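Chemist: Work out the full structure, taking the sequences as your base and the hints as a guide.
If you're matching them up, the sequences are chains U and S in order.
Residue numbering for the first sequence follows the numbering used here, beginning at 1 and increasing consecutively.
Residue numbering for the second sequence follows the numbering used here, beginning at 1 and increasing consecutively.
Hints were generated in silico from the structure; no laboratory data involved.
A quick note: this is a predicted structure, and the numbers were derived from the prediction, not measured.
Glycine residues also receive a C-beta, built at the ideal position from the N, C-alpha and C atoms.
If a hint is listed, it holds; no wrong ones were tucked in.
A few chain U residues that don't get close to chain S, going by computed Cβ distances all over 10 Å:
| id | residue |
| --- | --- |
| 1 | Phe167 |
| 2 | Ala192 |
| 3 | Pro350 |
| 4 | Ala371 |
| 5 | Arg492 |
Calculated cross-link-like contacts (lysine to any residue; reagent style SDA-like; alpha-carbon spacing at most 20 Å):
| id | chain 1 | residue 1 | chain 2 | residue 2 |
| --- | --- | --- | --- | --- |
| 6 | S | Lys284 | S | Ser246 |
| 7 | S | Lys284 | U | Gln51 |
| 8 | S | Lys98 | S | Glu310 |
| 9 | S | Lys98 | U | Gly246 |
| 10 | S | Lys284 | U | Gly283 |
| 11 | S | Lys284 | S | Ala27 |
| 12 | U | Lys221 | S | Val116 |
| 13 | S | Lys98 | S | Thr110 |
| 14 | S | Lys284 | U | Ser98 |
| 15 | U | Lys221 | U | Arg210 |
| 16 | S | Lys98 | U | Arg244 |
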Amino acid sequence: MSATDQDPAEELVQGKAFDLRLFLRLMEWARPHAWQFVVSLLVLVGLFAAQLGGAWLWRLTLDGPLEAFHDGRLPRAEALRELYRYVAAYAGIVLAYSWLSYFEIAQLGRAGQVVVHDLRSALFEHMLRLDLTWFDARPTGSLVTRVTSDVENLAELFTSGLVVLVFDLAKVVVLIVLLFWLDRELALVVTAFTPVLIGVSLLFRGGARRGFREVRAHLAKLNGYLQEVLSGVRVVQMFHREERVGARFAGLVEPYLAANLRTLVLFALFFPAIGLTVLAIQGASLWFGGHSLATGDLAYGEFVQFWFYLAMLVDPIRDLGERFNVLQAAFASAERVFRILDTRPAIAAPEGPAPVPPRGGDLVFEDVGFAYVPGQPVLEELSFRIDAGETVALVGATGAGKSTIVNLALRFHDPDVGRVTLDGVDLRRFAPPALRARSGLVLQEDFLFEGTVRENLLMGRAGIDDAALERALDASCARDVVARLDGGLDARLTERGATLSTGERQLLAIARALAGDPELILLDEATANVDSATEARIEQATKNLLRGRSALVVAHRLSTVRGADRILVLHRGRLREAGTHAELLARGGLYARLYALQFDDAEA
Amino acid sequence: MRLLVRFYGRFLRYKARLAIGFAAVAATRVTDIAITLVVGEALNRLKAGEAPSFLPRLLAWFAAWGLAQALFSFLQRWCVVSASRFVEAELKRDLFAKLARLDFGFHDRTRSGDLVSRLTSDVEAVRMFLGPGLMFALGGLVMVPVTLVMLARREPLLTLVMALPLSLMALSFKLLYGRLHDASLAVQEAAGDLSHGAQENFAGVRVVKGYGREEHQAARFAEVSRRNRDDQVRLARARGLAHALSTGTSQVTFVVILLLGGRAILDGRMGIGDALVFIDLTMKLFWPVLTLGWIAGLYPRAVASAQRIEEVLGRAPAIVDPPGARALTGFDGSFRFEGVSFTYPGAARPALSGLDFEVPAGSVLGVVGPTGSGKTTLLDLFGRLHAAQGTLRMGGERQDELTLASIRAPLGYVPQDSFLFSDTWRENVNLGADAPLSDERLAELARIACLDEELARFEAGYDLRIGERGVTLSGGQRQRTCIARALAREPQVLLLDDALSAVDTETEARLVRHLRAAGAGATVVIAAHRLSSVRHADDILVLSADGRVAQTGTHDELVAAGGWYADTWARQQQRAELEEL
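Modeler: This is the structure:
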């Protein structure tokens, strides 16, 4: 699948209860932690053995010293001594059992989580390498779901899903074998009823899944309407329609309630149905067992042991349906996750990437054409060059293709036609991160991450010391912004730097670009209005940013345009005029008119 | 706690269900005991050497108890959970009704995601605790004394010793609870960090890629993921400990039974056939105790959720009908602002201040000014969406003495964001009208709003679905639908908040002509960025950035006077020319 495929069906993957292909791929991820799973399995085996052993001891005690004393075969003192021995052994088993039951939860949880962590980290890293177009086609919320709930569903697969399911099935088989060994007649009774038990459980599984899906669908509608009314509350109140929307909401609550009640009936029926089946087994066992007890074919202790085993048999069968549902959800998630892991970015490093030239270098656009949507070109036959140290300003109306040129210069996209070169080498020959790391990017709506100011300025780049940061802060006129924050460089910024003003965020974005001392600047100037004092600082910061570097600037500031070595005037994806400010003004063409419109006073 | 008791009042409306449910929970436990006793009796008699001919009669009892148990088990779940579902639905309806009425100031300050979670997860937490949680825990407890009495009749000492680990278990839950709670809180927080970290990187992917920092950011995320893993492992350990403790105590009880029961059998104080009864009843006895642990876990969350629900339910809307409010009658469509100011709660400076002007009946008022000058807020005041200072008169009457219904009934409002519901076009327009509109009337409204031709192109016509699961209308089409909706009210006052910004100039001219014809006699207030929209207004209010009236006058007067209006007009004219290129 190519990276540009838009895939709205991603969310709708339903998943099978078992999918061998997906299962084998998941096993690949579990393999490095195989011993975790071996230990988990050993714990389960140990628990099961202790359970079996406990029931066994009851039988031995009942049929041994107690029975013997009862029949007068053993004196009381000796029977008591023997009883104590059994009690001691039983206490040992019980302790082992309790000890192991800690690991049942702790170890299985651990085994699932270590795999999940690996998978989640790898998935996230892979996603960050995918193309921008891939991100643009998908709502952020659903991408977040991939690395959170989908991956967590996979954890369920490892913990309460597969391991336990496999083990449960093994348990059922072992128990039935043991039952036969204990008493053939009783075992036949149990095995005759077991299919009924399984049938009830599986029947319920299907119904529960459908029921939950229905409930979820109604709930989604309910919440959707609520969201909508909340975002349109001004209209609702201005039209005085509070009651009408309330009635509408109540109308949506009805089917939600009804779906819940239907699912409830299913649950309310399921437990008694399982209960009745178990009672039928017990009743039949009592009937047949009673007769065997009377004839002496069955010892009382054996019957008690049987009773224990029966209880042990019911739980895994009852949970069967639920385990299937867990598996199904997990496989649906696995499908979505692997689909992303299988997506290859179109913009990637070639085999044996060319080394990025150390410093300087001319950036050249050669007959570049580009369209986001086929047939609707954004750029056509665009050619220009930025010589080392030169500032080129892009000017044009909204939609003229200015930001797209910046995207191509950074190789966020590859041109459909023509090529972009650096020092004569096609950008496609470079590894994108290496190419981008040598440039400084300042976006119109720049993005600050949660974390300290320092982290935001460094972005994890090596070789930037505090002195360099200080220089960057000075040059970007952002020193006071940082000084004002509690903790200075180590002050924490909240989500998207919400505590800072728009202007302050812009200054920090410039500081971030400066900190790396880049040789090429890509600047998409912000258009938002800031107060005049901040405006003056941004102007100065921009000057410092561009001085002595090659730069491609989407310019909105008069000072930036005037200071540029060359101005490219774009109109509808084509280069219409090029030259210095003075030349273009003198020509009296498009630039002159744009200039009059956009830059003739401080307002714009 | 008091809050939960209050919420329980809502459950009490379903007294019959609760009573039956409660009885059924107890009855289920009792039948459970009865079944064990039947089995015990059979075994005891068989052990005593009795011939198995009595088995059919005992098995009949066994079946009867079994069927009764199935019935009670159905009833307990059905009655209790259905009552809780009814309460859930009611809570949701009440919360929604309250949210729709709460003033705009409240909505401005509250994130909608937070409100949605109050209606979903908070309601669910309260339902779970007060409904099934409480019922199963209390009903289950009924079983404890009954079982203990049953056991004590057979072997008092044994029963006494058995009760020990049982209370130990209840205690250990209390001790473990804090640890479990902390661990699960940590996991929840770490999960929040995870989704936040992912969200941030995906939203800021341009910066991440632009600096070539994919690997670095991935490493940071991996660190968060690793923390989450460690927290999860810690939680699993805490849960494992709780699990081991509860299994441990129940298992120890069996050891006690084996020891003391064995001795009692040897002493002849207990029949061998009673061994099974003890074992079985003990297993059943642990169930209600485990339930108690479960409900103790639900409690803190339920209290917190009840508080969050009450925050909404208990809040009084800031704007309500004043005491002794009159309905506005004989309204002519005129407004007068006398020293009106308004400051948003918590804002440092007023959004609007010192407004003094008159809007004569049937006149057209333009409202312009730079972004943030308060145009939208001013339009809000016409419908009293905010409580402003000063006096606003509608047809001479003080607005703050009138009922909200009568203030808003004569207004046709077109919002700046062109808000429409994800519903059919018909239903969206009907929102403006008091009764569903006829197709003829809809056709007329579509024509006035210059939408008739475009609607005719859709097969569904007026039943065209808009928004989610429907078609996406262009900005201009949305705006014109909003206009149709406002006109459906047959308004005396039309409030247009930048309502023509996405409509091309040609359509705008046509629309304005239609509006003049349709709304003849109506007062019109137009807030606009594009000055051509207010060009023909009788009077234009120019707001300054600090929310004051900077200039007033007609278009020609303002152009002649110079200043913000004249400058902006000139620039917009030039831009229009450029777009013609």
